[in-house]
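Chains E and V supply the protein sequences, listed in that same order. Just so you know, we're using numbering that gives the first Met the number 0 here: the first sequence kicks off at 0 and counts up by one. Just so you know, we're using numbering that gives the first Met the number 0 here: the second sequence kicks off at 0 and counts up by one.
Treat the hints as calculated values from the structure; they're not laboratory data. Since we're looking at a predicted model, the values are computed, not measured. We put the CB at the ideal spot given by N, CA and C, even for glycine. One or more hints might be untrue.
Unchecked claim - Here are the simulated PhoX-like pairs of lysine-lysine, each with C-alpha atoms no more than 20 Å apart in a straight line:
1. E/K20 x E/K37
2. V/K8 x V/K222
3. V/K219 x V/K8
4. E/K124 x V/K216
5. V/K53 x V/K8
6. V/K216 x E/K115
To be verified - Chain V side only, calculated, beta carbon under 10 Å to chain E, not exhaustive:
7. Q112
8. L116
9. L138
10. N152
11. E195
12. D199
13. A200
14. M201
15. E202
16. Y206
17. V207
18. P211
19. R212
20. R214
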Amino acid sequence: MILFDRVSFCYNEKETSFILKGVSFSLQKGIINGLIGKNGCGKSTLARLIVGLLKPTEGEIQFKEENEDPNAYYFSGMIFQNPDNQIVGTTIGDDIAFGLENLNLPTENIEQLVVKAASLFGFEKMLDMPVSKLSGGQKQMLCIASVLALEPSWIVFDEPTSHLDPWARIEFWNIINYLVDNSNIGIIVISQLPEDIIHFGHISVLNEGCIIFNDSYDVFASLNQPPEGIDFPENIKLQRLLNN
Amino acid sequence: MDERLNKSKLRLLNPITKGILCIIYILMISFFCKNWLVAFNLNLFLILICFYAKEETIELLVSLKKIWFLLLIVGLFQGFVGSSFNIFSCLNAIFKVMGIFLTASLYTRISTQNELLYFWEICFRPLKLFGFSSNELALTMVIAIRFLPVFMNEIERIRIAQIARGAKMKKNMIASAINFMPLLIPVLTQAIMRSEELADAMEVRGYVPNRPRGRYKTYKLNKYDYYSFFIMGIILSLIIYKYIHN
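Excised from the complex, chain E in its bound form (with noise of 0.2 Å):
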């Protein structure tokens, strides 16, 4: 479980503005955890927190887990908007490699989890191809396979459809539900599109920097309006439209 205590943020510290303003909220694992909210809320600056590239100004994060070490580098990794700007390697093999070679691994333990993990998305006989000639949907898949090689206790995906087409996003929402049905792996999911939010089994919303709601999906389906700043998806919308 990850504990966001009274937790506020600044990028500056003589700033009286703070990006997040004294957020209270637990994430769960096995189920997908979202996090929604309109631009500039907070939502990006909430994830770089808890992969540990931001600090809280004030408050406390907890990671509370048995058999866990909060301290090591690899406990959470984050899939960002653009597969284009995270891909390192110039191969498929040698971008899965890149977290591994960063663990100082020996070269036998890397050339397995890299298979092991290309596997998963059906890159094990693709792995000296050119992440060039990768489409959208395959860089996408390569930056979860990535992130999936080192194992993570946590992974965050911060706006991971905005480059997916339709067919694209129907495969990445296919392995993320088998990734919480079939791992041990924690999901949170940051999202500013409607149709993102019948994926969640539990939703987080922002609006400037404070949590305004936070509660499992059917909660969220029930609510007479939406809270401030996004909207209901269609497949809500349609389901009061027949019930009326």
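Position chain V against the provided structure of chain E, taking the given hints into account.
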């Protein structure tokens, strides 16, 4: 590509062997060819090696079209050194430039980017004495190579956007250079934004500068490396013998 990769014995060579042989061959062509026949024979040997190794020899020769103007200029300049035009000096200069170009082209054809970087990393190691990290230099090069197609696409996208908004892109050399200037600022801005996100992505995946890193691929010397060094030794000895006794 994979089929060709499996067939070619040159591609099976260790990256260090490829790099060293390439450097020796270029130095040999540059400094030990006193007459055009030696330079011609070295070119011929290179072509025969390509053919034997089932590399795309015709394609390699066709790539010489890119430097025909340079060959012409170098040949003419060298030919007119002295009182009258010397066809042999002209041919010698042309074959020397051709040889250097073909050797470098073949080297980049038979090496993957990782192999090139592995060799560069080893070449940069002496820089550690001056405080430079060879690992970081090599990684910077990987990233630069990795992002080349991304930036080419970016330039094309911005260029098309500017044409769509009425910009006129002329085809002559000076006009294209002038037209390139308005593309630079948006491309540089994008590059800075991308670099920030890439730095975050690298940090999240555990990259810490100057920390020891593992290696995904290791390269060992095989029998073809020893054969190559042996053949190169013979050629080098012959060329030096010819150079001294000429």
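Notebook entry, point to check: For this structure, which hints from the list above don't hold up?
Noted result: Violated: none.
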